[in-house]
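S.K.: The listed protein sequences derive, respectively, from chains A and B. Position 131 of the first sequence, counted from 1, bears residue number 130 in numbering that gives the first Met the number 0, the numbering being contiguous throughout. Position 227 of the second sequence, counted from 1, bears residue number 226 in numbering that gives the first Met the number 0, the numbering being contiguous throughout.
Please note that a few of the clues may not be correct.
With a straight-line Cα cutoff of 27 Å, these simulated BS3-like cross-link-like pairs (lysine-lysine) come out [unchecked claim]:
{"no.": "1", "chain 1": "A", "residue 1": "K34", "chain 2": "B", "residue 2": "K18"}
{"no.": "2", "chain 1": "A", "residue 1": "K127", "chain 2": "B", "residue 2": "K18"}
{"no.": "3", "chain 1": "A", "residue 1": "K34", "chain 2": "B", "residue 2": "K87"}
{"no.": "4", "chain 1": "B", "residue 1": "K18", "chain 2": "A", "residue 2": "K113"}
{"no.": "5", "chain 1": "B", "residue 1": "K102", "chain 2": "A", "residue 2": "K34"}
{"no.": "6", "chain 1": "B", "residue 1": "K18", "chain 2": "A", "residue 2": "K89"}
Hint data in this document are derived by calculation from the structure and do not stem from the laboratory.
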Amino acid sequence: MSICGPYYFNLIVLVAPVTGNPESLGAELLETLVKMAPTKEEEIKLREYSGDVSKLGTAERFLKTILDIPFAFKRVEAMLYRANFDAEVKYLRNSFQTLEVSYLTRHLMIKFLKRIVLILIPWLLCRKQAWN
Amino acid sequence: MTGNRMNVGTNRGDAIAFKLDTLLKLVDIKGVDGKTTLLHFVVQEITRSEGTTTTKDETILHGNNDGFRKQGLQVVAGLSRDLVNVKKSAGMDFDVLSSYVTKLEMGLDKLRSFLKTETTQGRFFDSMKTFLKEAEEEIRKIKGGERKALSMVKEVTEYFHGNAAREEAHPLRIFMVVRDFLGVLDNVCKEVKTMQEMSTSMGSASARSFRISATASLPVLHRYKARQDDTSSDSEHSSNSST
């Protein structure tokens with residue numbers, strides 16, 4: 000389904016930026032929208048266009064409508080941030096927890112290394128004697 | 000000499016007073032056969048001692064020493080399993096994680112200032128303001144987790160390297176060292192297992208180039224010299240492990 004199709008058009012313009020609920024749009028779609036944000040020049044051009052809207056391309060028409068919403072793209076950006084937030088926090092939390100568990104299991108490593116040393120001490124002393 | 004550098008006699012509190020790197024290099028020393036390393040010897044010794052500490056019931060259960068040996072190997076192999084998080088940690092990059100946190104924080108700052116400047120009221124902003132509060136709390140927690148993790152990593156590094164201040168740009172290198180060691184250990188375990196299987200069928204002890212008695216105390220060491228010409232050390236070996 001095209002992003003500029005009537006379905007998404009209605010969804011974006013009417014629902015999502017109004018409620019701020021990111022679940023109504025997926026993160027992927029929001030990301031596409033953010034990338035679609037017009038430059039200042041394009042924005043002025045679109046705003047000032049007073050001709051027949053039906054003569055514009057689908058994308059231009061879509062942008063012109065979305066620009067009617069105050070801070071439309073800032074809203075989309077905020078929604079994108081929100082849509083990704085949980086997953087990113089979860090990833091970071093898990094990573095830091097993994098490091099913490101690694102720390103907590105260090106005694107296993109230490110115990111094993113001590114064991115190696117205890118086995119090697121007689122061996123080393125033995126070698127030393129052999130060299131002497 | 001290696002022995003001096005290891006400072007095995009030194010006791011710095013609970014810390015092992017030698018560098019992990021040094022120890023790992025040491026166990027990499029090859030025997031006269033050019034294949035087995037000191038680590039093979041160490042694994043065999045552990046396998047043997049695990050075997051002798053097993054209970055009588057298990058002796059009956061397994062019927063012979065092979066059961067012991069396998070159990071001993073499992074103890075060593077179990078280390079690798081128990082340290083699975085260390086292996087995961089080794090694959091991480093702390094700087095990258097930190098930069099994610101910063102990125103998340105910057106995004107929140109942006110959102111905060113956007114919500115401040117915005118005069119329009121409505122469901123979008125109410126909803127976003129609620130989210131902002133929750134997100135601020137989450138980020139506070141995440142930053143706490145980051146700080147905690149970093150201090151723990153530093154402590155581990157200090158433990159194994161003595162001086163974390165001198166530590167390189169990669170804060171998680173210590174976990175990489177351990178992961179690599181566990182990899183080597185896994186291979187050695189497999190090899191020792193094969194050698195033991197061969198020795199049960201062919202009756203020859205392996206990694207013998209390093210062999211001295213596991214219970215060797217100083218007077219026993221004299222025997223080592225004598226034993227260099229005495230190749231029939233198997234009798235001693237079997238008497239140790241058959242108890």
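S.K.: Please go over all the hints and tell whether each is borne out by the structure.
M.R.: Evaluation of the provided hints:
no.: 1; hint: K34(A) x K18(B); result: violated, 51 Å
no.: 2; hint: K127(A) x K18(B); result: holds, 20 Å
no.: 3; hint: K34(A) x K87(B); result: violated, 34 Å
no.: 4; hint: K18(B) x K113(A); result: holds, 12 Å
no.: 5; hint: K102(B) x K34(A); result: holds, 18 Å
no.: 6; hint: K18(B) x K89(A); result: violated, 35 Å
Hint check: violations occur at hints 1, 3 and 6; the rest are consistent with the structure.
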